[in-house]
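**Q** Chains A and B, in that order, are what the protein sequence lines are.
Quick note on my numbering: the first sequence kicks off at 775 and runs consecutively.
Quick note on my numbering: the second sequence kicks off at 1387 and runs consecutively.
There could be a bad hint or two in this list.
Listed next, with one range per pair, are the computed distances between beta-carbon atoms [as the list claims (entries may be wrong)]: (1) 939(A) x 1465(B): 27 to 35 Å; (2) 943(A) x 1580(B): 54 to 62 Å; (3) 966(A) x 1670(B): 15 to 23 Å; (4) 1440(B) x 854(A): 36 to 44 Å; (5) 1451(B) x 1069(A): 54 to 62 Å; (6) 796(A) x 1510(B): 19 to 27 Å; (7) 1581(B) x 975(A): 38 to 46 Å; (8) 788(A) x 1531(B): 38 to 46 Å; (9) 1026(A) x 1670(B): 29 to 37 Å; (10) 1463(B) x 975(A): 52 to 60 Å; (11) 1581(B) x 1026(A): 50 to 58 Å; (12) 1671(B) x 943(A): 34 to 42 Å.
Computed cross-link-like contacts, SDA-like style, restricted to lysine to any residue with a CA-CA straight-line distance of at most 25 Å [claimed, not checked]: (13) 1469(B) x 901(A); (14) 1674(B) x 870(A); (15) 1674(B) x 994(A); (16) 933(A) x 1418(B); (17) 890(A) x 1402(B); (18) 1020(A) x 1451(B); (19) 986(A) x 1416(B); (20) 891(A) x 793(A); (21) 888(A) x 1404(B); (22) 1674(B) x 1472(B); (23) 1042(A) x 843(A); (24) 1674(B) x 1559(B); (25) 1501(B) x 805(A); (26) 844(A) x 817(A); (27) 986(A) x 999(A); (28) 888(A) x 1501(B); (29) 1496(B) x 1678(B); (30) 891(A) x 973(A); (31) 888(A) x 1424(B); (32) 1501(B) x 1073(A); (33) 888(A) x 1410(B); (34) 1020(A) x 1665(B); (35) 1502(B) x 1483(B); (36) 1020(A) x 1047(A); (37) 1580(B) x 793(A); (38) 1674(B) x 1588(B); (39) 1587(B) x 1544(B); (40) 1502(B) x 1066(A).
Think of the hints as simulated: they come from the structure by calculation, not from any bench.
Keep in mind it's a predicted model, so treat the numbers as computed, not measured.
We put the CB at the ideal spot given by N, CA and C, even for glycine.
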Amino acid sequence: MSKETAVRKKKNIWHRIYSDRALYVLLLPSVIILFLFTYIPMYGVVIAFKDFSPAKGIMGSPWAGLKYFKQYFYSYQFWPTIKNTLVLSIYSIVVTFPLPILLALVCNQMRAGKFKKFFQVSTYLPHFISTVVMCGMIILFLSPSSGVIARLFGYFGAKMPNVMGQASSFPSVYVWTEVWQHLGWDSILYIAALSAIDPSLYEAATVDGASKWQKMIKIDIPLLMPTATVMFILRMGSVMSVGFEKVYLLQNNLNTATSEIISTYVYKMGLVSSQYSLSSAIGLFNNVINLVLLVAVNFISSKMSNTSLV
Amino acid sequence: MKEDIIKNKIRKSKEDKIFDFIIYSVAALLILITLYPMYFIVIASISNPTDVSSGNIIFWPKGINFRGYEQLLNYKQLWVGYKNTIIYAVLGTCMNLIVNISASYALSRKNLVGKKLITFFYLVPMFFGGGLIPTYLIIKNCNMLDTRWVMILPFSVITYYIIVGRTFFANNIPDDLWEAAQIDGCGNMTFFFKIVLPLSKAVIAVIALWSAVGHWNSYFNALIYLRSDALQPLQIVLRNILISNQTMSTMMTGTAATEARQAAELIKYGVIVVSSAPIMCMYPFVQKYFNQGVMIGAVKG
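Looking at chain B on its own, in the form it has when it is part of the complex (with noise of 0.2 Å):
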């Protein structure tokens, strides 16, 4: 009897090596498949670009050098979008934290008069919206097309912000807090700014990031809106680079063909590592706030 528990326990046991086993090697294989393309862009950016062109770089960087980079230096287009796009994430997520924020917290207000309305109002374009065209008609009446403004006023207000903000509050800011607040003569305001604020750093924290990556990759708004080069943010600048194969001037006067093509090519690799370089080394330092608000948001508001 005894015997067989234990026989028992050692084919299980067995079972389950070869089930860690199996699972152990399915992770490693997926993060094998994940960050390879990833890596590869980094050692292809950094290669000789005839070996890049002709396949000879699988693992290993080869004929290292840097005149990628240095022809990105040059590349003054690629800098005014990058400073484009600095100032977009900065204003544009100051932006959504001040619209967003604030009308989250009035709307976690238990006793706020026509709560039900107001958010009817929020979740409406949520669900359905003008279109392209009408909404493209109003930024041009408002004489926004083409400036900086219509990348970080039109569309600040988002509501799937504004429910992770609401629920957040109403589950970490006591009706009791507001009372006593009150009791001591503290108005609205002053209980906003003082008491909530300081106690809300890490949803304030989830939309800035948030925020702050959707500007940084935010590429569509820039595609209607703006005309001039002097405007436009990164991610427009990479697609003339990388998909409409805009070749730089500079490069192709007094290199072969070929040459200038290869060169073309290692540019793109420089590209994408330099526009993604600033999330990707920012992301894994502050994932467990994106977790966060994923939490947040999925809770039902």
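For reference, chain A alone in the conformation it holds in the complex (with noise of 0.2 Å):
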């Protein structure tokens, strides 16, 4: 009995995939395309493994065990590059994280009207602007001699420093400019939460006498704390990657010092410098910490508030 059953179950499943052949025709193209881009170049990952040569393709090189590994781990660059990708990330964290929200209870304290959809399509606006843009337009303003912001300095009789110029202020311009450019959209979210609470709570604290202030932050900072909670996690687990174009568009012989992180010290070596292997290798070591930072990360927040990526 429960084996005709079994082999009807069978039949039925072959008979459903036949029935939505057309819905398997809809995912053949994008399937296609991410296994001959994405999913060889997973494999071709072995080349961080062998002494990689485009000559002899990916098969024909030979091992070369952890040989790449060792020469990153023993470079003089190994430290830096992780030094300064964590810097960065960190940095950006402490800061980009809690802004948007701040931005988010000053627009929700804002009267619906004209106003404040100025407020809201002004503060999106920069996060439209390319990579590049900004990056010349940070250099632009930035510039001792003609900068816009070395006059603002000039008025309070103060000198500006040469920003650009410095080692030591990169990691700071990195951020405060993600800030100009990302802060209006990264508050969307939280926007879109504080407009999803229950007005009623807000007319029983009125009738109690609560003022705004005492409102915003009864009311409006308890109830985001899930959806911060859940940001926060996420981000953490991207604490290993930092974007390339933007720090690699500011880099200058100045503030390399700064400035070298791993996707631009891989770039480098891999693109410019042609050392394939060397350059697999370290893409590799990244990724692996990476992942393991998510799935960790992905673990916890499923802990914590049942919510999680997958």
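Each of the two chains sits in its own frame; use the hints to bring them together as a complex.
**A** Next up, the structure:
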């Protein structure tokens, strides 16, 4: 009896697949593209363990074991790249995580109307500036000889330091321009969470004589905490991955001491110096750390708040 | 007793007034900080270059002229970049829509056999990738290096778009609709094209806008995979002008060095305006779609 139902079930599955064949056709293009350009390169990662030479190809190149990992671990760039990546990333999280929440609180206190709309549109706007233009603007504005900010310093009788020319200020330039560009955009989620708060809570608080400030502290902030916790945990998962583009574009010979991060180093080793295996080894090392962090963070978040990524 | 309550009310409302004042001042300050740099770029691009570089321009343009823009008109590489970016943005957006929307619809169907496994297949690349060099080698082996294809095809599957699409379809296309259509003899394909797509304009708009902006602003893939000048998109040309200070040979001849340098600075402001204007002008009108997208994406799929 049970055998029979199992057989019928099996038949049923093939039948269902056949009757839904059109759906698989819809999936096909993306599956092929992902397989070719994402999954095959995952196999290509073996060149990190090989003495890769383009002439011999991936299969033909001799194995090198952990040679290239060791080369990276013992190189003088190992600690600086890791330290710079972590500094940029942690500095970013500390600054760019709480500010959008504050912005959302401010936005929530404004009466709906033209001013509020204008506020939202204008704070979202910089998000759409491309990284290249953003970096161009940073360089123009921070120029010690002709930049606007140098002029403003001049008004107060102060002299502006050459920010782009000193390694110590690179992290601040990176992080605070990031704030300028993405503050508004990153607050959207929190603004939405605030607008979902039950208005009867505010009404009850008003009846009890609470001021706006008290309502913000006692209602808005506690109700934002779950969203904020999830966002924070997710952010921590990417602590070892700092975007390549902006750092690479802002890099110059004077600030590499703090601006050489893992991803820019991978690019330089791989495509500039053609050290394919070394570059892949560094990339893989970074990737594995990211993966471990993400899995750990996902585990914590699912334990803590029943919210997980997958 | 009554007086007490009234007094209390007045005190509270006074407190609230101060609070409101602070909120609105902070908001106004933030607007100023956000908009001023963009405003400055615009006024600097039409001002007298000497005034700009000596810092005389703060609030209003001085010596309004359009010389910077005239010079830009003659800068061929910029317009080649513009043309290429439009090609990549249009074709790339179409490609993104075809690939991601169809996949996300199929994944949104409840009874799809193997749904878990297929979803897993799409999610893995979010967490792990082969990295720069292995991907580069594959593109090279496919003979896509330095072709237009590399900007359109290989990176068109974006898991995030698929998640957004799937969430939208799962919430907005009821199962009954498919059952009813089935009874009327409608197949999967007909249902998808004739019923699902027309009902899903909102999510199509969201993904189209995101990918158009993404293509317009993208720079990394061109940096890695394109070599020839004729194929470079706008952002690479912009980098050459803004970051690498690649001076334009046409301007250097016959002008004194300082003047040439100032003119080069002027061009930078102009180039920022010319390259960002399309997106900045479009944005306020389509803002609601972007916000909607963030909201759909935030709901766990």
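**Q** So, against the hints stated earlier in the document, which numbers end up violated here?
**A** 18, 20, 28
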